[in-house]
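**Student:** Each chain, letter by letter, is given below.
4 protein chains.
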Amino acid sequence: MTFPAPLTGVVPPVCTPLTPDGEVDVPSLLRLVDHLVEGGVHGLFLLGSTSEAAYLTDLQRMLVMEAVVGHLGGQLPVLAGAIDMTTPRVLDNVRGATAAGAQAVVVTAPFYTRTHPAEIARHYRRVAAVSSVPVIAYDIPVAVHTKLPAELILELAADGVLAGLKDSSGDLGAFRQVVTGARNLTETTGFSVLTGSELVVDAALALGADGAVPGLANVDPHGYVRLYRLCRSEDWDGARAEQDRLCALFGMVRVGDPARMGGSSSALGAFKAALRLRGVIDCPATAEPQIPLSAEEVERVGKYLAGAGLL
Amino acid sequence: MTFPAPLTGVVPPVCTPLTPDGEVDVPSLLRLVDHLVEGGVHGLFLLGSTSEAAYLTDLQRMLVMEAVVGHLGGQLPVLAGAIDMTTPRVLDNVRGATAAGAQAVVVTAPFYTRTHPAEIARHYRRVAAVSSVPVIAYDIPVAVHTKLPAELILELAADGVLAGLKDSSGDLGAFRQVVTGARNLTETTGFSVLTGSELVVDAALALGADGAVPGLANVDPHGYVRLYRLCRSEDWDGARAEQDRLCALFGMVRVGDPARMGGSSSALGAFKAALRLRGVIDCPATAEPQIPLSAEEVERVGKYLAGAGLL
Amino acid sequence: MTFPAPLTGVVPPVCTPLTPDGEVDVPSLLRLVDHLVEGGVHGLFLLGSTSEAAYLTDLQRMLVMEAVVGHLGGQLPVLAGAIDMTTPRVLDNVRGATAAGAQAVVVTAPFYTRTHPAEIARHYRRVAAVSSVPVIAYDIPVAVHTKLPAELILELAADGVLAGLKDSSGDLGAFRQVVTGARNLTETTGFSVLTGSELVVDAALALGADGAVPGLANVDPHGYVRLYRLCRSEDWDGARAEQDRLCALFGMVRVGDPARMGGSSSALGAFKAALRLRGVIDCPATAEPQIPLSAEEVERVGKYLAGAGLL
Amino acid sequence: MTFPAPLTGVVPPVCTPLTPDGEVDVPSLLRLVDHLVEGGVHGLFLLGSTSEAAYLTDLQRMLVMEAVVGHLGGQLPVLAGAIDMTTPRVLDNVRGATAAGAQAVVVTAPFYTRTHPAEIARHYRRVAAVSSVPVIAYDIPVAVHTKLPAELILELAADGVLAGLKDSSGDLGAFRQVVTGARNLTETTGFSVLTGSELVVDAALALGADGAVPGLANVDPHGYVRLYRLCRSEDWDGARAEQDRLCALFGMVRVGDPARMGGSSSALGAFKAALRLRGVIDCPATAEPQIPLSAEEVERVGKYLAGAGLL
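Those sequence lines, one after another, are chains A, B, C and D.
Position 40 (the first sequence) corresponds to 40 in this note's numbering; numbering is contiguous.
Position 149 (the second sequence) corresponds to 1149 in this note's numbering; numbering is contiguous.
Position 230 (the third sequence) corresponds to 2230 in this note's numbering; numbering is contiguous.
Position 269 (the fourth sequence) corresponds to 3269 in this note's numbering; numbering is contiguous.
Among the hints, a few may not be true.
To be verified - Computed Cβ-Cβ distance ranges for the label pairs, DEER-style:
#, chain 1, residue 1, chain 2, residue 2, range
1, A, Asp159, D, Ala3129, 42 to 50 angstroms
2, A, Pro20, B, Pro1117, 20 to 28 angstroms
3, B, Asn1184, A, Pro20, 23 to 31 angstroms
4, C, Gln2075, D, Gln3075, 55 to 63 angstroms
Hint data in this document are derived by calculation from the structure and do not stem from the laboratory.
A quick note: this is a predicted structure, and the numbers were derived from the prediction, not measured.
Note that beta-carbon positions come from the ideal geometry of N, C-alpha and C, so glycine has one too.
Chain A extracted, bound-state conformation:
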């Protein structure tokens, strides 16, 4: 299958179900993939932040890729995160992911090191020069502590280095700058601008985004697909009502007590607890060293599901 240019629609960053002892739970993972396909999503993003890629070993990353690609049989485009610190290590990830069937790779700015914009540009140019599949920039300052400048993304898009942007910066103004700047480019190169937000998908699509990569779509793929279709048909009132329902559902990411755990533990724990409660996966375990949700916190996740009509 040819990778779509531009990629559009709802492309969930797929959670990675784990067994109680931290191994990839492949049967649950494939049930989750079926749940997403059945929900009508337009592609899958494996090994992203929501997939706990930062926690998965290299072997686990490969296992996830191979299991999902084999299971899908080319039904949907598959993107793979190549989450690592610098160019040589990212390239190892790119080679592994493409060998396992990824049709595009999603790459952040370097992290751990102290990075200059010129080095970020060099990073993407080197990765793209070696990669056999399209490279999509992953803007996630909360993780890598650098914001990708809109000007840099557009320069790399114009040069054919980048095939798209997955924006998890939360900054819709800067995102719009990329959308607008990419508009002419898109006619010729198919550059794809995707929001990673759960909360402003309607706004992002209204201002011209190609699609969305919301972690919460693991829990409610039907909702985000419905939202996407309402936006595409320019039913903005309907879209706003659906988005409002999903925003309320998203409140689940804050069930974890901040005095006891970090934001990743709370959000990823809530998504997995919800998937368990919905009967999609067997076990809500998150990877070490994340703190598990308490029984009472899981109960609150259930209330969010009930409130959104999902239980």
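Starting from the known structure of chain A, fit chains B, C and D onto it as the hints suggest.
**Tutor:** Chains B, C and D alone, transformed into the frame defined by chain A:
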């Protein structure tokens, strides 16, 4: 050889010489190790930040370990960085490094993820529970964007989780809190408190540190060993003069134009240029996506060497 | 005049024209006010960040308030920033501004100090207890280095402490949480949710915001008023076209060379240069220690004006 | 009295005692001054961060200055913080403080605004051009979110703009760069390099600092003066023992529960509670919106005093 408890003295974080095409230059690496041994250092720290561990692939990391451990033949204690994002990935690094002969592993707080202090504690406890060699905490907020609290380090030291601290935070006040708190512990458990600073080694040793892990000791191991001995013999005037000479030499890390490159490119580029100028390694290349120093910047590195009597 | 509850529409943060020697240029200020009134704006926000409140002395702040309030004669609601570090100093500002005729005050979280959320809540409660006019929270993390949590704002709104929010955080997802949470409250208390963005005003209004406080409305009040009306009449295509034009115009904030000046110098310098080029104010000077734009940079501001049909 | 060049010794940043309703408690303030003078300190720093300058109104700032200067009668040099956001507001503070008798002013980088190094330089040059007394740079990144580069300080020192540095950055390596760079300058211009640390005063003096400005010297001026003298007589073992005692005492700054209050509330609350327990001031109140220590937390302050032999 038994790992010393506490580890003391000068333990350079060994640079990783590369060929022009980015492969590990093993002959240069072994000449660098000989240069350090000949300089009288008390241990070697492989695969740390100064070693460009964040840039080396897994295979390159293994190659470095095996080459150096084989070459050393047990002459000196070897510590290995296990630089990765979270517990499962760090554990993979720990297994690899210990299989290759590391006698201790050096582990940062989780990064990329949003981490809570309780998760940092859990991280170290899990790593130590699995590791077959001592675990040393690596406090490097500039890279991981979290400062390890002194109280947490002391708690983990008291519980036998941590065997030491390598402090690259630059905060000598917090470092002193660990030194003082570890003093009683040290009598029984041999907890080792090491500064990662190039600039205040005399001060750190005067207030009770066990040793130093200065990146600049790649360039001038004799100088740091001399400084260590002057401090141990309580010749504080002599120590200050030697430290002042080394501080002036350290100015080389700022030769790179900040409008053109990041701090890592400048500092690591300068260390490698200096090693090339001193005839220790063959090629000053740094890993991608770092920006190389210009000829004029390399010339300025030479002036720093000359100023310190090293050319 | 009664302060509207909720305040709605376009409420520009009014620039403070200065003479070449740094004094408030009152005739230019009043011409700017006339320009805004003529443009159809719904209120004026004096002494905010765009007003260079951080640079104005106490006397200059008073002079601005008195000149504008006297000139307006109650035509429009006037909000005043009370920009200072902590509660006692903010209260001094509140007293001054209300004595001079402010109908509401706009207050940030404490800054310079290391602040806990409980202290931010306490701050707003004390300020509101003393203030004789409504208090609007000013969320501007780029300046105060704290993000106001949506939950805190809603709690203070429910308790009648806050009358509104001016959001300059750039985080539209969090903003939406406040808009949605305030919806019921608004029916009874008139809580006003205003975006400080120049770039996503259409999106903010579409999701339920009451109005906008865009710095760029100094330069093109007619454009923002037109945008507001298009949104209110649910002409989303028209709104998007107008917003796109304003986004292009906003590019002027980046004319200043980042190697030579900070972001405040560039953005405030561009707004003032544009007002000078449009014939509204006499002198484009910004306050010390900001770096002035070069002649070539001012010329580029002119091109942005021409591109937007404003010259 | 001529301002000493360089200023040397222990120069406490004087706490500002408040009444229960938040007014300056002048009798307590003067008793605190007497306590410090009697302890042998070499100068007083009023209106710094430890003085809660960020919380004091302009009138309160003036009252503090006038009360202390009048009381001292020229016995000791008096420095005054001019803590405000930008040049024009700092200049107002400078004028007020010098009119009230300050013999030097202490000035931070601009804050609240987004500042470029070139603007920081311009800021200090303008302040010094207007000030009738020497200007000392105050490096406090935790408050202003900018670190003053050593190169910039030395450039401004060489140009006669700055008369000294008060370093509260915690970065002893960068501090040393200023000390070393200022050594030649000092012979001609008397540039004074002062550490704001409580914890590494011995180390700072050993490497050439001129003096210290430790907040904890409010509580134990005798201890810091003793420490200073031990360092000056090069009794490094004695100095280390005294510094260790003071480090243990400094633990009091962490008595406040971090789940309930910020770091400023805890540290300033502890200093004032200690002064109350030692009988120096009447009331331990801190300014709004700081959270007061609980009775149990105050009791723990008492234990720190007892442990240091001060009760």
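**Student:** Just tell me: holds or violated, for the beta carbon distance of proline 20(A) and proline 1117(B) against 20 to 28 angstroms?
**Tutor:** Given a distance of about 25 angstroms, which is inside 20 to 28 angstroms, the answer is holds.
**Student:** Can you tell me whether the CB distance of glutamine 2075(C) to glutamine 3075(D) sits inside 55 to 63 angstroms?
**Tutor:** Since the Cβ atoms of glutamine 2075(C) and glutamine 3075(D) sit about 59 angstroms apart, the hinted range of 55 to 63 angstroms holds.
**Student:** Per the hint of 42 to 50 angstroms, is the separation of the Cβ atoms of aspartate 159(A) and alanine 3129(D) within bounds?
**Tutor:** 48 angstroms, holds
**Student:** Return holds or violated for the Cβ distance of asparagine 1184(B) and proline 20(A) against the range 23 to 31 angstroms.
**Tutor:** 39 angstroms, violated
This entry does not satisfy hint 3, going by the numbered hints stated previously; all others are met.
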